[in-house]
Every structure is written in structure tokens, then in C-alpha cells.
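For the protein sequence lines, the chains are A and B, in the order given. With the first letter of the first sequence counted as 1, position 75 gets the number 75 in the working numbering; the numbers rise by one all the way through. With the first letter of the second sequence counted as 1, position 26 gets the number 26 in the working numbering; the numbers rise by one all the way through.
Check the hints yourself; a few may be wrong.
[Unchecked claim] Partial list, computed: chain B residues near chain A (C-beta under 7 Å):
| id | residue |
| --- | --- |
| 1 | Thr27 |
| 2 | Thr30 |
| 3 | Gly37 |
| 4 | Asn40 |
| 5 | Cys46 |
Calculated directly from the structure, the hints in this document are not laboratory data. A virtual CB, placed ideally from N, CA and C, is assigned to each residue, including glycine.
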Amino acid sequence: MDERNKQIALKVIAVMYFLTIISMQGIVLYRQFALGQEIGDFEDIAIIMTINSIFLISALLYFGALPVRKLKVKSILLYYLTFVFLGSVFTYAKYNIFQSPGLSFEQLFNKLKIISAIIGLLMGFWILLSFLGKKRIDKELE
Amino acid sequence: MENIKLKLARVEKGMSQQNLADLVGATRQTIGLIEKGKYNPSLNLCVKIAKTLDRTLNDLFWYEDKK
């Protein structure tokens, strides 16, 4: 296998991986909204997708596939607020638009607290990985 | 763009695409595609090819822009 074969293999693997993830996402949405199944019925797929996405972003950050310049507090905060906002919108849509009866304001607020904490932890983990990845490359350059 | 320089250098050395491919650790198809200008090899592979054919990188892979 030479470099061209490897390049083609990697491209094919990337496309197939993308299609698999999209298909799994489609299955989750179909089962949730078209078939009206409970989340417990497809928890396994949801867990695999979540772990997969977290590891994918982590690996991309650590190995330097995603360009990370200086870590600025302002931009980190902006990303954090954007993710929390998106998470809140999805949660609201999931419980109060697609399900009836919806959650009360207090229940939604409690969910928002959990979402904020999880996103905070994830972003902290990714910032740490970006930092370690940068350090690793700098060490190789020494 | 077709890489005539590479093809000429290989033929002058009396090598087939397969011979060259074996010596640089590539496949015949890869060498063929480089000669056809349909694959951009890595710098490492370019150096290997140049050394195998006793040429410089400029001899094989450099083209002056036509004015």
C-alpha cells in the first residue's frame, strides 16, 4: 500500500463514517418522532453517537486537525453561550413542542442547569486537549 | 499537466513503471498517475523518485511558467 492508496482509503473511510453517523442520526429521529418510541428504546444508538462525537472532536483537537489559535476567554465564553443556547432550544423543542404535556418552567430550568454543566465540562475537556495537542506539536518542533 | 520530464528520465534509465514503483515503494498505478499529472506525490516520494533516477527535484518536477 503506497501513499496514494492510503489517501484514497482514508477518504473512503471518512465518507463512510460520515454516512454511518448521518444514517444513525436519521434512525434516531425516525424512531423518536415518526414511530414515537421512548428514548429508552434507542438509548444504545444515542450513547454510541454521543461517545463517538465526543471522541471525534477530541481527536481532531488533539492531533491538530482543527486549527486552534490562541485560546481567548471572550471567544470561549461566546462558544459556551452559543452551545448552551442551542442546547436549551433543542430541549425546549423536544419536551414542549414534540411532547405533550410539556415540562413546567421549573423542570426546564433544572434541565438547563444540567445542560450548562455538561457543556462546561465538555468545553473544559476540549480546551485541555487542544492545549495538550499544541504542547505535543511544540515538543516535536524542539 | 502531464509530467514528460519524469517519463523521459525513467525511459532513459531503461526502467519500466513497475521497476521504478518497486524501487521507491509505490505501486505501478501511482507512478503512472504521477506521469499523467493526475496525482500529486508527497515531497518524500518525489525525493525517492529523484534519487532513484539520479536527478534533482528541479529536473523532474519543476516547471517554468509560460509567459
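So which of the earlier hints does this model not fit? 3, 4 and 5
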